[in-house]
Amino acid sequence: MTTKNVLIIDDDSRNIFALSLYLKARGVASMSALGAKEGIEILNMSDDFSVVLMDMMMPDMDGYEAIKKIRENPRFSALPIIAVTAQAMTGDKEKCIAAGASGYISKPINMDKLISMIQEVTK
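In UniProt numbering, the protein residues as written are 1 to 123.
It should be emphasised that the hints constitute simulated quantities derived from the structure, not laboratory data.
Please read these numbers as outputs of a predicted model, since none were measured by experiment.
C-beta: ideal position from N, C-alpha, C; glycine also.
In the EDC-like style, the derived pairs of lysine to aspartate or glutamate whose C-alpha atoms are separated by at most 20 Å in a straight line are:
{"hint": "1", "residue 1": "Lys107", "residue 2": "Asp92"}
{"hint": "2", "residue 1": "Lys123", "residue 2": "Asp48"}
{"hint": "3", "residue 1": "Lys68", "residue 2": "Glu94"}
{"hint": "4", "residue 1": "Lys4", "residue 2": "Glu120"}
{"hint": "5", "residue 1": "Lys24", "residue 2": "Asp48"}
{"hint": "6", "residue 1": "Lys123", "residue 2": "Asp112"}
{"hint": "7", "residue 1": "Lys37", "residue 2": "Glu65"}
{"hint": "8", "residue 1": "Lys4", "residue 2": "Asp112"}
{"hint": "9", "residue 1": "Lys69", "residue 2": "Asp11"}
{"hint": "10", "residue 1": "Lys107", "residue 2": "Asp62"}
{"hint": "11", "residue 1": "Lys4", "residue 2": "Asp47"}
{"hint": "12", "residue 1": "Lys37", "residue 2": "Asp62"}
{"hint": "13", "residue 1": "Lys24", "residue 2": "Asp12"}
{"hint": "14", "residue 1": "Lys123", "residue 2": "Asp47"}
Here are the computed distance ranges between Cβ atoms for each label pair:
{"hint": "15", "residue 1": "Pro74", "residue 2": "Arg14", "range": "31 to 37 Å"}
{"hint": "16", "residue 1": "Asn110", "residue 2": "Asp47", "range": "27 to 33 Å"}
{"hint": "17", "residue 1": "Lys24", "residue 2": "Pro74", "range": "30 to 36 Å"}
{"hint": "18", "residue 1": "Gln87", "residue 2": "Asp112", "range": "20 to 26 Å"}
With the hints as constraints, model all of the structure from the sequences given.
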């Protein structure tokens, strides 16, 4: 995989651990943020990320608001952001895309599908 670095933004350290372990096994470096505010701070300090995996349901700031804040910065207008959420109801995918996400995957995550999506959005 040609992805250079993935930023995982999630409020659950177990999700971060599972995702980072899986990515590492596929040769993909990742960094994590426990929450949206920390994730935005990390993004603002680096241009090294090729994709963001954004949990949509976080207590400090939900993923919808976080994506909108990220997209406000012209540096990140084209940065791929994949919405990762337990919400899989009709219309949830469209809501994530409308907020500025480049892709959407529901939990529990099909890791092969996630890798394919990362490859697709980082072309």
